[in-house]
Amino acid sequence: MTGMNRRSLLKSASSVAGLAAASSVIGSPLIAQERSLKIGSYGGYFEDSFKSHVYPAFTEATGIKVESVTQPNSADWLVTMTQATQAGTVPADLSLYGRATMIKASRVGGLLSPLDVKAMPATSNMDPYFVFEDTTGAIGVGAMSWFTSMVINPEEVDAPASWAEFWDSSKYEASLGLPRNFNALFLDIVAATFFDGAETFSTKDGIIALVEKAAEIKPNVALWWSAESQMEQAMKNTDIIGGQYYLDVSNLMALDGFPIQAVFPKEGNPQDYGSWCLSSLSDKGDEAAAFINFTSDPAVQALMSRKIGTAPLVPQSKTDLTDEEFAFVSGTPSIKPAYEAYLDNETFIKETWDKMLAGA
Amino acid sequence: MSAISDPEILANSALTGRSRLSQLSVSKLVIWALVLFLCVTPFALIIAVSFGEKIEGASWEWGFSLANYQRVFVGANWPEEVTFLYLQNLYYSLYYAVLAAILAVLSAFPFTYLMTGLSRRAQSAWLVFILSSLSLSEVFIVMGWDVLLSNRSGLPMVVKETGLTDWLKAVGWFDTLREWGLANPRNVKFKTSVFATVLTMSYLVWPYAVILLYPPLSRMDRSMVEAAQTMGAGPWTVMRTVILPAVRLPLFGATLLLFVFLLGVYVTVSVFAEPAKQTMAVSVYSAVRGATLNAPFGAAQAVILLITAGVFLVLGQWMSRRAAT
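Protein sequence lines correspond, in order, to chains Z and E.
The first sequence: position 196 = 196 (the numbering used here), numbered continuously.
The second sequence: position 233 = 233 (the numbering used here), numbered continuously.
Calculated directly from the structure, the hints in this document are not laboratory data.
Everything numeric in this text was worked out from a predicted model, so none of it was measured.
Some clues are possibly wrong.
Claimed, not checked - Here are the simulated DSS-like pairs of lysine-lysine, each with C-alpha atoms no more than 30 Å apart in a straight line:
#1 Z:K355 x E:K169
#2 Z:K318 x Z:K355
#3 Z:K336 x Z:K204
#4 Z:K336 x Z:K318
#5 Z:K204 x Z:K266
#6 Z:K266 x Z:K284
#7 E:K169 x Z:K218
#8 Z:K51 x E:K160
#9 Z:K355 x Z:K204
#10 E:K169 x Z:K236
#11 E:K169 x Z:K171
#12 Z:K204 x Z:K236
#13 Z:K336 x Z:K266
#14 Z:K336 x Z:K218
#15 E:K277 x Z:K213
#16 Z:K236 x E:K277
#17 Z:K218 x E:K160
#18 Z:K204 x Z:K218
#19 E:K277 x Z:K204
#20 Z:K38 x Z:K307
#21 Z:K213 x Z:K336
#22 Z:K218 x Z:K266
#23 Z:K236 x Z:K171
#24 Z:K236 x Z:K51
#25 E:K28 x Z:K236
#26 E:K28 x Z:K218
#27 E:K28 x Z:K171
#28 Z:K118 x Z:K65
As the list claims (entries may be wrong) - If you anchor each label on the Cβ, the simulated ranges turn out as follows:
#29 E:L313 x Z:P219: 53 to 63 Å
#30 E:F84 x Z:Q83: 31 to 41 Å
#31 Z:K65 x E:L136: 34 to 44 Å
#32 E:W62 x Z:D286: 54 to 64 Å
#33 Z:F348 x E:L127: 49 to 59 Å
#34 Z:E325 x E:R152: 23 to 33 Å
#35 E:P42 x Z:T70: 19 to 29 Å
#36 Z:H53 x E:L136: 53 to 63 Å
#37 Z:D286 x E:S133: 50 to 60 Å
#38 E:G144 x Z:D158: 31 to 41 Å
#39 E:T41 x Z:D158: 53 to 63 Å
#40 E:L127 x Z:S229: 27 to 37 Å
Heads up, the beta-carbon is just placed ideally off N, CA and C, and yes, glycines get one too.
All chains should be built: construct the whole structure from the sequences, respecting the hints.
As structure tokens, this is what we get:
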């Protein structure tokens with residue numbers, strides 16, 4: 001009796017499944033029009049701005065719906081995506097990778113799918129440097145750029161003309177906030193200020209010299225921050241009076257009346273950028289190309305600068321950004337990070353840096 | 001009598017006995033399988049990963065290499081160069097955990113003792129309050145102390161506003177504080193410091209300390225205390241000769257448990273400890289989730305931390321058994 005029931009249940013279940021399959025065949029042209037794309041971006045204010053300003057404009061222009069996915073900083077995201085790719089399903093089609101993380105993903109292999117550059121004519125607006133190609137093809141196209149800038153508390157100190165002034169203990173004893181991680185571009189600042197720039201990273205002796213110079217600033221550092229919010233709070237609470245922090249957030253904080261001022265000293269500030277990268281498991285290559293083409297447009301780059309605070313990857317002249325708006329998100333000179341060196345010698349640089357911090 | 005000799009009933013009872021036995025063994029098997037899966041699998045995985053090999057500039061691959069363990073003890077550039085960076089991290093893991101566990105138990109002990117002297121109603125009110133404070137995550141607690149210790153809104157502000165900062169400067173003690181890293185030229189500062197780290201860590205486990213000490217203290221026979229008092233013992237003598245010996249083992253056990261718990265604290269240390277004094281838990285995290293994607297090295301450090309915790313637990317067990325006999 002129970003067997004009968006079970007069998008009839010199975011039978012009806014299979015017919016339901018059949019029906020569903022049939023309906024999906026009938027409905028497929030309809031569903032195909034509902035094109036969609038899952039896009040990852042850094043959580044919080046950043047993602048919110050994308051959701052309220054960029055994605056709706058994109059959906060309006062192309063009819064492709066966007067599902068927003070929250071991603072942590074890109075190194076953490078790479079761990080997630082590596083594990084997800086091994087497991088066979090990924091949380092996002094398109095996501096943001098810093099250049100170093102993107103190169104790393106390329107070296108790991110099998111994580112990213114090459115993009116169809118021909119389907120993205122608007123990318124010609126940006127410097128070819130921002131379209132990253134490896135042996136499989138163009139695996140990342142620049143999305144937006146950001147500066148980490150020198151910041152000071154203007155109520156306590158005058159804007160320094162050079163990063164070198166931060167080494168002056170008579171002014172900054174136990175008063176600075178610098179990033180804790182070896183690859184947070186402070187070493188690039190040291191290289192640009194006291195050495196030959198990215199060139200210095202090419203030898204181990206050069207790296208040791210950089211780290212030794214960085215060690216001299218230790219008495220002036222009150223906070224080695226690892227989370228963005230630590231630095232934000234420390235500046236707001238005047239626990240520190242200067243340091244290295246994101247340009248756009250600093251300017252936003254200044255607008256809110258907090259005692260913080262972003263400064264471009266004569267050496268400049270490090271400029272990093274994020275790329276859109278397509279997961280190897282995604283079958284949304286066309287939709288992804290449409291989205292990247294959309295964000296590469298100078299008008300959208302300008303929109304992101306205004307609404308999200310990122311620096312445009314296209315020249316200011318191609319956008320309608322005013323000088324004031326441009327200065328809010330960008331500046332000169334820009335220090336180009338030694339990305340490849342950070343990867344080629346990563347264990348060595350990390351341990352040398354950590355040893356310096358630990359005094360071991 | 002006749003029932004027992006009846007072979008059918010005997011067979012029946014044997015049958016039920018056997019089916020009960022098989023039922024028991026099946027449930028036992030399920031429990032064991034669950035325990036194995038939940039406890040042993042993660043450990044086995046970590047141990048397996050710790051032998052993996054790092055690919056420079058990319059990620060890592062499975063392998064059998066002892067290089068990660070070697071790096072924990074002498075650093076990555078051995079033999080050209082030796083560093084005890086990771087042992088230093090391990091030292092600070094132990095250092096903070098010992099200090100914070102002792103501080104938590106020492107301060108929770110008098111509180112719990114006084115609490116057990118209250119009425120039943122007051123006791124349960126306190127217990128509910130303390131249990132509910134456990135729902136605060138480490139992140140919230142760290143945020144709270146971060147504000148409490150910050151220059152504009154916390155303790156340093158109080159020190160400055162009350163004129164204590166100026167007084168310290170006048171008598172010259174301010175420079176000593178600067179040497180200790182507890183002041184910048186403008187005011188005293190408590191972040192980052194060992195003080196802030198240990199304070200927050202002991203605050204984190206304080207409710208656990210109370211909950212661990214409550215059962216032995218509430219079971220303690222109060223008439224012994226009264227007897228000692230009637231015989232003329234002062235409060236300190238009562239504490240030293242009656243109460244402390246009675247709860248010696250629970251005190252030790254609570255400290256040990258909190259110590260092991262505190263070995264893995266991450267948020268507190270990464271926020272309140274300067275990089276020179278950070279712990280192995282932070283180092284594990286930065287290896288596994290940081291930019292280098294060096295899970296094998298993180299796993300090797302985790303195994304060493306695990307072994308250290310194990311050694312302390314065994315030592316503690318041994319000591320408390322000796323103390324009990």
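Hint by hint, here is what the structure shows:
A C-alpha spacing of about 34 Å is found between Z:K355 and E:K169, which places the hinted pair above 30 Å, so the restraint is violated. Restraint check for Z:K318 and Z:K355: not satisfied, since their Cα atoms lie roughly 46 Å apart, outside the 30 Å limit. At roughly 19 Å between alpha-carbon atoms, Z:K336 and Z:K204 fall within 30 Å of each other, so this suggested pair holds. Proposed proximity of Z:K336 and Z:K318 is supported: the alpha carbons are some 22 Å apart, at most 30 Å.
For the suggested pair Z:K204 and Z:K266, the alpha carbons sit about 27 Å apart, so the restraint of at most 30 Å is met. Pair hint Z:K266 plus Z:K284 does not hold up; C-alpha atoms about 45 Å apart against a cutoff of 30 Å. With a CA separation close to 24 Å, the supplied pair E:K169 and Z:K218 stays within the 30 Å bound. Between Z:K51 and E:K160, the direct Cα distance comes to roughly 44 Å. Violation of the 30 Å bound is thereby established for this hinted pair.
Taken as a hint, the Z:K355 and Z:K204 pair is honoured in the structure, with Cα atoms around 15 Å apart against an allowance of 30 Å. A distance of roughly 25 Å separates the Cα atoms of E:K169 and Z:K236; the hinted pair therefore holds under the 30 Å criterion. For the hint pairing E:K169 with Z:K171, the CA-to-CA distance comes to about 18 Å; that is within 30 Å, so the pair holds. Taking the CA atoms of Z:K204 and Z:K236, the gap is near 38 Å; set against the 30 Å cutoff, the hint is violated.
A C-alpha spacing of about 15 Å is found between Z:K336 and Z:K266, which places the hinted pair at or below 30 Å, so the restraint holds. For a cut-off of 30 Å, the pair hint linking Z:K336 to Z:K218 stands: about 24 Å separates their Cα positions. Proposed proximity of E:K277 and Z:K213 is supported: the alpha carbons are some 21 Å apart, at most 30 Å. For the hint linking Z:K236 to E:K277, the alpha-carbon distance of about 25 Å falls within 30 Å, and the restraint holds.
A C-alpha spacing of about 25 Å is found between Z:K218 and E:K160, which places the hinted pair at or below 30 Å, so the restraint holds. Taking the CA atoms of Z:K204 and Z:K218, the gap is near 21 Å; set against the 30 Å cutoff, the hint holds. Our distance criterion of 30 Å between C-alpha atoms is met by E:K277 and Z:K204, whose separation comes to about 26 Å. Note on Z:K38 and Z:K307: the hinted pairing holds, with a Cα-Cα distance of about 21 Å set against a maximum of 30 Å.
With a C-alpha separation of about 19 Å, the suggested pairing of Z:K213 with Z:K336 holds against the 30 Å cut-off. Between Z:K218 and Z:K266, the direct Cα distance comes to roughly 22 Å. Compliance with the 30 Å bound is thereby established for this hinted pair. Taking the CA atoms of Z:K236 and Z:K171, the gap is near 19 Å; set against the 30 Å cutoff, the hint holds. With a C-alpha separation of about 28 Å, the suggested pairing of Z:K236 with Z:K51 holds against the 30 Å cut-off.
Among the hinted pairs, E:K28 with Z:K236 is inconsistent with the structure: their alpha-carbon atoms are about 58 Å apart, more than 30 Å. With a C-alpha separation of about 58 Å, the suggested pair E:K28 and Z:K218 falls outside the 30 Å cut-off, and the hint is violated. For a cut-off of 30 Å, the pair hint linking E:K28 to Z:K171 is broken: about 69 Å separates their Cα positions. Restraint check: the Cα-Cα separation between Z:K118 and Z:K65 comes to about 22 Å, which is no more than 30 Å; the hinted pair holds.
One distance hint, 53 to 63 Å for the beta-carbon pair E:L313 and Z:P219, is violated here, with the actual separation near 40 Å. Distance hint for E:F84 and Z:Q83: a CB-CB separation of about 33 Å, consistent with the stated range 31 to 41 Å. The given range of 34 to 44 Å is respected by Z:K65 and E:L136, whose C-beta atoms sit roughly 39 Å from each other. For the pair E:W62 and Z:D286, the supplied restraint of 54 to 64 Å is violated, since their beta-carbon distance comes to about 36 Å.
Range check, Z:F348 to E:L127: Cβ separation about 54 Å, and the 49 to 59 Å hint holds. At about 31 Å, the CB distance of Z:E325 to E:R152 agrees with the hint of 23 to 33 Å. Between E:P42 and Z:T70, the C-beta spacing of about 26 Å keeps the proposed range 19 to 29 Å intact. Distance hint for Z:H53 and E:L136: a CB-CB separation of about 36 Å, inconsistent with the stated range 53 to 63 Å.
Against the hinted window of 50 to 60 Å, the Cβ-Cβ separation of Z:D286 and E:S133 comes to about 54 Å, which satisfies the hint. The given range of 31 to 41 Å is respected by E:G144 and Z:D158, whose C-beta atoms sit roughly 35 Å from each other. The beta-carbon spacing between E:T41 and Z:D158, approximately 59 Å, falls within the hinted interval of 53 to 63 Å. At roughly 34 Å, the beta-carbon separation of E:L127 and Z:S229 lies within the given 27 to 37 Å, and the hint holds.
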